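Undergrad: First to last, the protein sequences are chains A and B. Per our numbering, residue 317 is the first one in the first sequence, and the count goes up by one each step. Per our numbering, residue 317 is the first one in the second sequence, and the count goes up by one each step.
Hints listed in this document are in silico derivations from the structure and should not be mistaken for laboratory results. Keep in mind that this is a model prediction, so the values were computed, not measured. Check before you lean on any hint, since a few could be wrong.
[Stated by the list, open to error] Sample of chain B residues with no beta-carbon within 12 Å of chain A, all distances over it, derived:
id, residue
1, GLU323
2, LYS419
3, ASP493
4, SER494
5, ALA604
6, ALA613
[What the hints assert, rightly or not] Which residues of chain A face chain B? A few of them, derived with a C-beta cut under 8 Å, are:
id, residue
7, HIS329
8, GLU415
9, LEU701
Every residue, glycine too, gets a C-beta built ideally from N, C-alpha and C.
Protein chains: 2
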Amino acid sequence: MEAFLKEAKAASHTAATLPSAKKNEILRKMAQALREAKGTILEANAEDMRLAEENRLNEALKDRLFLDEKRIEAMATAVEEIAALKEPIGRVLEGWVTEDGLKIEKVTIPIGVIGIIYESRPNVTSDTAALCFKSGNVCVLKGGKEAQHSNEAIASTLRGVLRQESLPESIVSLLPDSSREGVAKLIKQDRYVDLIVPRGGEALIRFVSENATVPVVKHDKGLCHTYIDKDADLDKAVAIAINAKVQRPGVCNAMETLLVDRAIADKVLPRLKEAFDAAGTELRACDATREIIDAEAASESDFDTEYLANILSIKTVEGVDEAIAHIRRYGSGHSEAIVTENHTTAERFLDAIDAAAVYLNASTRFTDGGAFGFGAEVGISTNKLHARGPMGIEGLTTYKFKIYGNGQVRK
Amino acid sequence: MEAFLKEAKAASHTAATLPSAKKNEILRKMAQALREAKGTILEANAEDMRLAEENRLNEALKDRLFLDEKRIEAMATAVEEIAALKEPIGRVLEGWVTEDGLKIEKVTIPIGVIGIIYESRPNVTSDTAALCFKSGNVCVLKGGKEAQHSNEAIASTLRGVLRQESLPESIVSLLPDSSREGVAKLIKQDRYVDLIVPRGGEALIRFVSENATVPVVKHDKGLCHTYIDKDADLDKAVAIAINAKVQRPGVCNAMETLLVDRAIADKVLPRLKEAFDAAGTELRACDATREIIDAEAASESDFDTEYLANILSIKTVEGVDEAIAHIRRYGSGHSEAIVTENHTTAERFLDAIDAAAVYLNASTRFTDGGAFGFGAEVGISTNKLHARGPMGIEGLTTYKFKIYGNGQVRK
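Using the sequences and the hints, build the whole thing.
TA: Listed below in structure tokens is the structure:
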């Protein structure tokens, strides 16, 4: 493992200083190589699918694992789109001159070696490798065991292009030991690895956070709320609440709990009930809510649960302050929304809530790189530091200070 | 511990949303309170000094621990200077409108609860508390045992002002259990603590990095190099090398190793030898260097040592590429300098070296918040992420996205 990572670290010096035009040319060649290798990749994927049958994986997992010509074409196109992104390295974030006459520039640079741990979908392999390469980083990929053959075929296609270009193949690496022990070793190699990005179940993320000495950017749960204030436009409120819960219940930016201002509960709850019934949503509500509409009784633990399903907790609150207090207690710091027409109430909520994304009069479902306009997404960080919320390619960069003097010494 | 940190977390909501004018007014009152409490603080410090004598602390430590009226006045002035800094919270870092018509603002916010672990100097207590307060954070301070009485007197003075203003005293807290076990618990409380800043010896920092589940901004070693290129102006080269080594050898941004281009070794080494002899510097050099000047033989481990003393390793290299390779192998990513008049060589070095600060024709001693013009310094981070290099009050902030809609839902 150490020899492998040492090589990755050495390759990171080459990756970091490649000119922009060279990087983009290679990315376009990688896209082409994926198209040309589609036979090999589909064959490898068929083997993974065969094993998936044998191991009785569920249909959702099998769908995520499955590749066909169309999906391979989408992978190639995604790599070309990453090539077309603005160069993320060498951007001057700030620049100034000091009292001593030193000219200081704060400049973006690659992070170095990035370990990425992910599950089933094989397109993550090419997406992530391309994003890391574009940002001058070396990636060490650890995909799911169930996608092993597909991932190997994809990575080996990308490495083939690096080899043709006389670049170190370790710029795109698969972790050689992909067992839990392999991961446990990887996350402690802070001499060689600069960042770990775990994407997957809570257990994996907890394991990585608790054991890593390498910095971690987590992508875990979202327990998101929408608060309907007494000054809300009720048409907007109903549309936003339905969208936040129903449009795609299984994702981290979907709403789990709806908070309703008692002052308008009478008016809005029956309308919500009708809409949620039509969408087949199971409602679990507090006593005050159940005096107005029919619903299961919500337990304390319901308010602490990320359902990731078409189930919704509802609570009646005494205005924006109780809504804030509830979200501070149960929120996961992912995405929180208020629906109101009142400017002062809106700003009170947006300022007081500490979450990656706080919304006024919009669905929490917008929290992602695409909707934010970032072009390509590494994930949605639930970290408070380095990268928070939707993480574009910028999240794969850090900075250094370049200081230009003409002989200055310290007095 | 948990009840204590829960209270700190609760207080962080109050601290985060205080208006700027209120924060500055309180900071000015804190400065005044320090002046008025000087009798109590000096008494507490006298007790620490008595114990220092008893425990035979060395003179350097005792000097760092010692307080007098002048040093208390300096503490008060520092707090006033922090009050005068530009408001760090609520700054809009970026803003744009998405395709869906959402207006997104990326806005600075406090980090939350920050644990700071430091040693001897009692002024760090008031400096850090003031920086955290100004940036809307709660601080949990863990000072050195040797300064316990002084730190308690200072913290209790600051807390007195918070009490008078009807604010939670836990906004400025001292860790109740200041043993190693207390620290071990603190750094695992990621539910309540958002950042740990350890400032101290390598053993402490290693312990914190290896055991923390809370994110850590480290402040540890600097193994800094200066490379004198064949195209250097030799007057600048000698002045910069002497300054980087001799002006204050005991600090992290002092030079430990001097690399000299073989092409000019004949010319520059005798001049350097003369200047370093005059400054009483002990020289340890490679064989090629010792053919030109008198010096001790450097061992492999010398090049890997942060002397923090008036000792210098010297190595002759074959041009900028060997210098870069040497620094990649031995450098700590803190501060690295090249002396040259050649633009292309300079940019090659500045781009290829991955360190917080890379210098052209200036002394590495400039790496600090004051010299960079940051006004106040939290420390010099050796992290690669979040904050890198000199860390001003900005380093105590993170961001969130505020998103303004008018009823948007996801399609």
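Undergrad: State for each hint whether it applies.
TA: Quick rundown of the hints versus the structure:
1. GLU323: holds (14 Å)
2. LYS419: violated (9 Å)
3. ASP493: holds (22 Å)
4. SER494: holds (24 Å)
5. ALA604: Holds, since 25 Å exceeds 12 Å.
6. ALA613: holds (28 Å)
7. HIS329: holds (6 Å)
8. GLU415: Given a least distance of 7 Å, the restraint on GLU415 of chain A holds.
9. LEU701: With Cβ-Cβ at 4 Å, under 8 Å, it holds.
The structure is inconsistent with hint 2 alone, although it conforms to all the rest.
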